[in-house]
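Enquirer: Next come the chains, spelled out residue by residue.
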Amino acid sequence: MTDLDPVIHAAARLRITATLASLEAGDRITFPRLQELLDMTAGNLSTHLRKLEEAEYVAVEKSHQGRTPVTFVTLTRRGRRAFEDYTDALRAVLGGEE
Amino acid sequence: MTTNSTPPVDDEPLQSPDEALALIREQQRSVEREQLGGVPWILGVWAVAWGLGFLALWSGYDGGNPWFQLPLPAAGSIFGALLVTAIVTSAVVGARIGRGVRGDSAFSGAIYGVSWVVGSAAVFVTGIALSRAGADGALLSLYYPAAYALVAGLIYLMGAALWRSLDQLVLGVIIAVVGAVAPLFGAPTNNLVMAVLGGGAFLVAAVVMRVSLSRRAR
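Protein chains in written order, with the working numbering: chain A, 5 to 102; chain B, 75 to 292.
Bound-form chain B, shown alone (with noise of 0.2 Å):
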């Protein structure tokens, strides 16, 4: 490393105790707003692929959305690449989060991103098995997004207990119970149930995150 001769800046002590506590915390509130910037983006794409998608999925199937109705084939891809968006941009940003840090949190943030590649496949695989054993399309309508919605709620209670975070366990239940509640209304309404119990629990967690994000900045 070389030598600077230029005099370190901010070297002087500091003026009161009071100058020091403000100073502590608005560096690490200004750290948070730096590392958790992104996450109301990766809620707001979700909010999007789970209130769109599914409504479009709901506006696919007989019986299902009264004013106007989609091709199911066009149902499914709109929903399909709302899905693939929300992954994408919830890896990319995610992967932001914890970057040029290394050690213990590391490992953990592995495990998190590990269980959504894990949950999602098991529930996919599942799929194929339930498929294969006779279940119809109507049934798969009512197994994927109950199967998927309840491995997302507990991955976000696993998110919640590893950084203690409220907003992922709030989260975390309200999709778990409206995965778990959704089939109860048959096909096709449990789509319309997870477009807007599933979709406006992360529109609100979104919003809930951006405010409390800048409200700490002040």
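Looking at chain A on its own, in the form it has when it is part of the complex (with noise of 0.2 Å):
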């Protein structure tokens, strides 16, 4: 079987990464509003982003709307093409199948 990349294969990861790929590239997203589309808690969102974040898959970014501090989240060149190979592989394996 092909290898599939570790850091996207695992549920919660996966789901982040199909929703940051749905975004246009050069789209980032509030954390809050990622978490909607996702419905994970916080504390579960962010250590699943920290593992992509160090796989370079995902940049973090903290700014400042006024006063309120903002987290955008988006996905990196590299993950975006990571999540194409990994889609590309999942069809290949699905496809030597039948």
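There may be inaccurate statements among the hints.
Which residues of chain B face chain A? A few of them, derived with a C-beta cut under 10 Å, are [stated by the list, open to error]:
#	residue
1	Val83
2	Glu86
3	Ser90
4	Pro91
5	Asp92
6	Ser164
7	Gly168
8	Gly172
9	Arg176
10	Asp178
11	Arg289
No lab work stands behind these hints: they were computed from the structure.
Glycine included, every Cβ here is placed at the ideal spot set by N, Cα and C.
Join these two chains into a complex; the hints should help.
Expert: Right, here's the structure in full:
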């Protein structure tokens, strides 16, 4: 079986990556909105984002809107490529079985 | 960020490629549903605004609705109120579509929003110019719906190009054609054409989009 990227090949991180990949390249999303789209707890999302960030698949950027701090999350180019490679690998595996 | 001691949820490798693909598909559909869920409502309020609004106008003019007549000021007020409701609903619901997202697509969305304001203003100002040049009420009642429908149709076509949306492409073509054809029927019948074909197109678009979003949910 083809090696599947272990960073993405876990339910939570796959859902996060798939969500970020559905945004246009060059778009970033706020942490709370991402949390809403994923229906995950903030703690769990942070933990998984950190792992994706360590792999340089995701960039987390903190800024301010007025006085309130805002955290933006975006899929890096590397992350987008990893997600595409991953889905290609899945399709190859499934296609190979038929 | 605080470190929490609870182990992360859903950290285990997935069982099978099928499961992984299904998870991707399900998640991306859920994002789409969450983001676009308001769009059928936008189309729905425009269906009501065009359908009932132009029927009211048609009933306000002499030689219009043969079944009942409305005083013209009342018909105009109904039309105006429905229009304002539709504009406010679109702006509020539309602004929620891309909430929490910044970047390149926000730029496209902003241009799309601004186009409505610029286009509507241009129609209005041109109407004033026509009126000052001597256009009477009957002529203006042909001009306004047609010009506005042309602007709206072209903006939908732009939306179709921006978001590769077949729904908007079809709607844009229909609305532009309705706008162009309605004046050929003369006043006040052009209002009936706008109500039935224009309002009808919005209604069909709303239903089609609603159904396709919920079908993707399964």
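Enquirer: Does each hint hold? Answer for all of them.
Expert: Hint check results:
1. Interface hint at Val83/B: satisfied, since its Cβ lies 5 Å from the closest Cβ of chain A, which is below the 10 Å cut-off.
2. Given hint, Glu86/B at the interface with chain A, holds; its Cβ is 6 Å from that chain's nearest Cβ, closer than 10 Å.
3. Interface restraint check: Ser90/B against chain A, minimum CB-CB distance 9 Å, threshold 10 Å, status holds.
4. Among the interface hints, the one on Pro91/B holds; its C-beta lies about 5 Å from the nearest C-beta in chain A, closer than the 10 Å criterion.
5. Given hint, Asp92/B at the interface with chain A, holds; its Cβ is 7 Å from that chain's nearest Cβ, closer than 10 Å.
6. Using the Cβ-Cβ criterion of 10 Å, the hint placing Ser164/B at the interface with chain A is not satisfied: the shortest such distance is roughly 21 Å.
7. Using the Cβ-Cβ criterion of 10 Å, the hint placing Gly168/B at the interface with chain A is not satisfied: the shortest such distance is roughly 16 Å.
8. At about 9 Å, the closest approach between the beta carbon of Gly172/B and any beta carbon in chain A falls short of 10 Å, and the interface hint on this residue holds.
9. A distance limit of 10 Å between C-beta atoms decides the matter here; for Arg176/B the minimum to chain A is near 5 Å, and the interface restraint holds.
10. With a least beta-carbon distance of about 4 Å to chain A, the hint placing Asp178/B at the interface is held under the 10 Å criterion.
11. Interface hint at Arg289/B: violated, since its Cβ lies 18 Å from the closest Cβ of chain A, which is beyond the 10 Å cut-off.
Checked against the numbered hints given earlier, the structure breaks hints 6, 7 and 11 and satisfies all the rest.
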